[in-house]
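Q: The primary structure of each chain is shown beneath.
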Amino acid sequence: MIYSLLVLSSPASGHGARTAQAFARAVLQRGHSIHRVFFLDEGTSTGSASAVFPQDETDRLQPWVDLAENHGVELVLCISSALKRGMLDEAEAQRYESPAATIHPAFIVSGLGQMIDASANSDRLITFGG
Amino acid sequence: MSNADKKSMLVLIRRAPYSSSLARASVDLALAAAAFEQQVDLLFQGDGVLQLLPNQQSELLGLKSIGKVLGSLPLYGIEQVYVDARSLSRYGLAGENFVVPVIPLEDEAMSELLARSDHLVSC
Numbered sequence: 529m530i531y532s533l534l535v536l537s538s539p540a541s542g543h544g545a546r547t548a549q550a551f552a553r554a555v556l557q558r559g560h561s562i563h564r565v566f567f568l569d570e571g572t573s574t575g576s577a578s579a580v581f582p583q584d585e586t587d588r589l590q591p592w593v594d595l596a597e598n599h600g601v602e603l604v605l606c607i608s609s610a611l612k613r614g615m616l617d618e619a620e621a622q623r624y625e626s627p628a629a630t631i632h633p634a635f636i637v638s639g640l641g642q643m644i645d646a647s648a649n650s651d652r653l654i655t656f657g658g
Numbered sequence: 096m097s098n099a100d101k102k103s104m105l106v107l108i109r110r111a112p113y114s115s116s117l118a119r120a121s122v123d124l125a126l127a128a129a130a131f132e133q134q135v136d137l138l139f140q141g142d143g144v145l146q147l148l149p150n151q152q153s154e155l156l157g158l159k160s161i162g163k164v165l166g167s168l169p170l171y172g173i174e175q176v177y178v179d180a181r182s183l184s185r186y187g188l189a190g191e192n193f194v195v196p197v198i199p200l201e202d203e204a205m206s207e208l209l210a211r212s213d214h215l216v217s218c
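Line by line, the protein sequences give chains A and B. Reminder that position 57 of the first sequence reads as 585 in this note's numbering, one-by-one numbering, no gaps. Reminder that position 45 of the second sequence reads as 140 in this note's numbering, one-by-one numbering, no gaps.
Worth flagging that the hints you see were computed from the coordinates, not collected in a lab. The reader is advised that the hints may include incorrect statements.
To be verified - Here are the simulated lysine-lysine pairs, DSBU-like style, with alpha carbons at most 30 Å apart:
no., chain 1, residue 1, chain 2, residue 2
1, A, 612, B, 163
2, B, 102, B, 163
3, A, 612, B, 159
4, B, 163, B, 101
Small disclaimer: the values here were computed from a predicted structure and weren't measured.
Extracted from the complex, chain A is given alone in its bound form (with noise of 0.2 Å):
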């Protein structure tokens, strides 16, 4: 089965992020496929590459470099609420003359067609968070 996934809330805040990374990684461990995972609103904070967290909780940002990079996961960060949250890439903070890229390059930033496409093309999608 095709799963998207869309991730509305924030990794330093609640458990929804997290819950959805778990989840990614069971639904590949079944032998299911994700089309892509849609992060929107506060879930794009998510893509952070200059983000701390405590050295004595779980890296929040590994498990998704690590789907994408070696499961081939599509992670993609809404644009317009990526820009609002300082979350832009190389080509936007260029754009916006930003001192530095804030965005793990493991993750992309696109409109929400990327959204709409990635729900024509699942079977199922599993919103987290909101």
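Since the structure of chain A is provided, determine the placement of chain B on it from the hints.
A: The following block gives chain B in isolation, referenced to the frame of chain A:
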């Protein structure tokens, strides 16, 4: 955008307008679905029914009006939206002045709507 089977999406809107950025994000999601010619329905429930009220003076908050955005739904081919009848009565609203025409649903009709939609997004 790949040419997959059309799937129906129901966007369940539960947030009061301006209560959080998610209120606007969920409306934008529904508009995007309509713009990409997907079958999309909106269901307003709980505090979400307050988004339908006219004359939202959002400029006082320095924000764009969600009411105005919802008023543009017919331009995207969405002529009517669904609303939880119980939530309307809880707020004492009748609906004649809403920013977009609404279809109030009782519990049973709401269950049917949820059951017949391929995808549900709850914001």
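Q: Straight-line Cα separation of residue 163 (chain B) and residue 101 (chain B) no greater than 30 Å?
A: The hint holds at about 28 Å.
Q: Within a Cα-Cα threshold of 30 Å, do residue 612 (chain A) and residue 163 (chain B) meet the stated pairing?
A: holds (21 Å)
Q: For the pair supplied as a hint, residue 102 (chain B) and residue 163 (chain B), confirm whether the alpha-carbon distance does not exceed 30 Å.
A: holds (27 Å)
Q: Can the restraint linking residue 612 (chain A) and residue 159 (chain B) be considered satisfied, given a maximum Cα separation of 30 Å?
A: Cα-Cα ~15 Å, so holds.
In the structure shown, no violation is registered for any of the earlier numbered hints.
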